[in-house]
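Student: Work the whole structure out from these sequences, hints included.
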Amino acid sequence: MQAAAPNIPNDSTVDLKRVYDAIIVGSGAAGGMAAYVLASAGMKTLLLEAGKRINTTEELKSTEWPYDHPRRGEMPPGHHALTFNEYTFRKPPYAQGLKANQVHSYVQSWGGSDYSKNIVVDEKDHPYTGTNYAWVRARCLGGKTNIWGRLALRLSNYDFKAASRDGYGENWPIGYEDIEKYYDKVDLLLGISGVKENLPNLPDSLFQRPIRLNDPEVHLRNTLAKMGRTLTPYRAGVTTDGVKNKYRIRCYGRGACNRRAGGCDIHAAFDSPTGLIFPAFDTGNLTVRTNATVSEILVDTNTGKARGVAFLDTVTGRSYEAKAKVVVLAASTLESARLMLLSKSRLYPNGIANSSGHVGHNFCEHVMGPRVTALVKDKIGAKRTLDDGRPGGFYIPCFRNLSERNPKFIRGYGFEGDSGTPMLPESPFEQPGFGKGYKKAARDYAGATISLGGFGEVLSRYENYVSLDPDVKDRWGIPVLRFHYKFGDNEKKMCEDMADTAQEMVEAAGFTVVNLGRNILTEGWSIHELGTARMGADPKKSVLNQFQQSHDVKNLFVVDGSSHVSASCHNPTWTIMALAWRSCDYLAGELKKGNL
Amino acid sequence: MAKNEKERRGDGATERQGEKASAVVGRREMIKLAAGAVIAPALPQAGPKNGRGPAKAQTSAHRFFTPAEFEMMDELSELIIPTDEHSPGARAAKVAEYIDGRLAESFLDEPKLQWREGLKLVDQISVEINGQPFMQSSPDQRVAVLTRMARNESSPERPEEKFFAELKSGVARAYYTSKIGIHDELEYKGNTYLKEFVGVDVSKG
Chain X
1 MQAAAPNIPN DSTVDLKRVY DAIIVGSGAA GGMAAYVLAS AGMKTLLLEA
51 GKRINTTEEL KSTEWPYDHP RRGEMPPGHH ALTFNEYTFR KPPYAQGLKA
101 NQVHSYVQSW GGSDYSKNIV VDEKDHPYTG TNYAWVRARC LGGKTNIWGR
151 LALRLSNYDF KAASRDGYGE NWPIGYEDIE KYYDKVDLLL GISGVKENLP
201 NLPDSLFQRP IRLNDPEVHL RNTLAKMGRT LTPYRAGVTT DGVKNKYRIR
251 CYGRGACNRR AGGCDIHAAF DSPTGLIFPA FDTGNLTVRT NATVSEILVD
301 TNTGKARGVA FLDTVTGRSY EAKAKVVVLA ASTLESARLM LLSKSRLYPN
351 GIANSSGHVG HNFCEHVMGP RVTALVKDKI GAKRTLDDGR PGGFYIPCFR
401 NLSERNPKFI RGYGFEGDSG TPMLPESPFE QPGFGKGYKK AARDYAGATI
451 SLGGFGEVLS RYENYVSLDP DVKDRWGIPV LRFHYKFGDN EKKMCEDMAD
501 TAQEMVEAAG FTVVNLGRNI LTEGWSIHEL GTARMGADPK KSVLNQFQQS
551 HDVKNLFVVD GSSHVSASCH NPTWTIMALA WRSCDYLAGE LKKGNL
Chain L
1 MAKNEKERRG DGATERQGEK ASAVVGRREM IKLAAGAVIA PALPQAGPKN
51 GRGPAKAQTS AHRFFTPAEF EMMDELSELI IPTDEHSPGA RAAKVAEYID
101 GRLAESFLDE PKLQWREGLK LVDQISVEIN GQPFMQSSPD QRVAVLTRMA
151 RNESSPERPE EKFFAELKSG VARAYYTSKI GIHDELEYKG NTYLKEFVGV
201 DVSKG
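Top line first, the protein sequences correspond to chains X and L. So in the numbering used here, the last one in the first sequence is 596, and the numbering has no gaps at all. So in the numbering used here, the last one in the second sequence is 205, and the numbering has no gaps at all.
A hint or two may mislead.
[Stated by the list, open to error] Here are the simulated DSS-like cross-link-like pairs (lysine-lysine), alpha carbons at most 25 Å apart as the crow flies: (1) Lys94/L / Lys436/X; (2) Lys204/L / Lys226/X; (3) Lys189/L / Lys436/X; (4) Lys436/X / Lys179/L.
[To be verified] Reference listing, derived: stretches of chain X covered by chain L, where coverage requires no fewer than 3 residues with Cβ under 8 Å from a Cβ of chain L: (5) 419-429; (6) 503-511.
By construction, these hints were calculated from the structure, which means they are not laboratory data. Glycine residues also receive a C-beta, built at the ideal position from the N, C-alpha and C atoms.
Tutor: Printed below as a string of structure tokens:
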């Protein structure tokens, strides 16, 4: 058994008179890493989280069988999860006018939603406006890391120097050589499972015991190898051999993480509380204040520097201030941008750190939708095997625009996928008819499919942005975000190719396509929003320098995904943490030198 | 109970699957916006000929269905997923009871109306083709009713066809998440402690 959470004192005991070395806003992957690095460096650090503390070890009940739950894992009456149709045919705020006590984003329409309903927000409290966007938010200690998809990938110079390769957008102010050792540190601290493939565009990590593939997956891997493509076991941000951390134990393959919105109650999958915040707390240098909704970054009008933050108690609504030498934003790509835009003052009339006018802009992410499900004939009616006792299936890294140049689109995409029998297969819902024939078909086809779906890079565009809504406010009276965000022509062409290659690959393996999806899912579906406060060498075209430090306000850092210059097509969490570690090393050094 | 990354990849997002997921036993207490997804139309109140009118206050042990409705629901579920040589069917898995419980606590009235009207429709079709209500019909005649309802399964249009989609999806979800469905029928092997993952370790060449 893993150790219980440390006894973090009650929020009301937090000392708000003192001046902390650093205040961190947000406790997800970025905020957790900032807390870990700064507290470990001896800095007196205050971590503010807008949501509550949740005991996920108790909450997630990952081994509970559906029939032992009164609603087979579903949410109680009155909870509603937004659907694709609602995101498509309505406009935000999506919860408005819905007959439900609580409204959640689409992730709560997955199985086992009762276990994650306290982790995600109630959309009624957190409206937003503008263009369609499926925005998934978790407000609690650890944020979305409590239920993340766990695919942990590195970026490479194909991403960092993409602009030099195809002439579009900006290069990152760093190269792979600058971040490699921080990826290594993250791997060693948190644990990652995978297989070395020696790919130039997807660098290997320091892997622990890999996930194993079932027969159809191995067959597809061998087929793709002949086509010069790679299928590799899911690179999971999960410790499969264990790490030096008493709050976590190694994965033992219950697979619940793959049957539900996510979440690991043994914390083999990385989550920010057990992986970073609790160890940081144990240094004695970290103070944690939950239910603290930060509404503004406060400025010292003499120096122009940040002097702290104003926040509301999420429960009581009472307002407070906290003071620090350095402010570190890690509230998520969109919430950090919102907070900077909210922090208007005489010195910073467009919002803090926004002399470039780029805060909220260059908003990018991953586009999803094209996918294929194919029939594996050998598996029809085959003896049942254990296929879902693992934290993921496989990943097919990008093979477009590497050595060749695609005539229709720039950048690339990868696929996630799996095969085998899950606890609740699709076959009962796919097989026609009723009676004995139907029942047998549902049984025989339960483990006989393989499916994969793409994640593609959305180009960073200045005209894709968020701003503050002039009228609409959230439950706490804070102006909400208005989205101005649409996929463009490059994404549409890329998605056509994604569907074509998905079909091409499964057919090359001799599988029969039963369902080819060509539709693009609503903007936001990937939950990989990035870019709203990008890094760069030029303060006129970027918000942050290469250490995620504001060009304008030297003691303000933004260490989450908002700093990313381009989206790559690789899932961002591991990069968010490697960058945050690098920047906080720099921050701690600069503070000691008295440069902040 | 489906898998997250797969649903995230969009399996749950196509219109067809959107309908499929619309079982009342699921998370469907929602306002459906896709025109094709509205299952409960306004139906004539022509009930069964046995004189019983629209459902009234509960007198049975069931929380939502009347005794007659429950009996019919139980029979329909068993017709969809019968006991066979491999495993017990929907009746043994108490599918009707589970659906009854979910409908009883439904937050919105639509699903309740949908299922109540849907069952009436089953009787209506039975009267039409068998000359008597569903439960008074012979086993073969009952199959004929369901066969008629299932005939446009891939793109249901008529009210009874839409109700069949809802009924089957609800029964399937209840059955395949039951103890019998998971263990006896599908012989699911997972959700267990594994010292080592199952399958091929491709890192070993």
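Student: All hints, please: hold or fail.
Tutor: Cross-check of the supplied hints:
| no. | hint | in the structure |
| --- | --- | --- |
| 1 | Lys94/L / Lys436/X | holds (18 Å) |
| 2 | Lys204/L / Lys226/X | holds (19 Å) |
| 3 | Lys189/L / Lys436/X | holds (23 Å) |
| 4 | Lys436/X / Lys179/L | holds (19 Å) |
| 5 | 419-429 | holds (count 8) |
| 6 | 503-511 | violated (count 0) |
Checked against the numbered hints given earlier, this structure breaks only hint 6.
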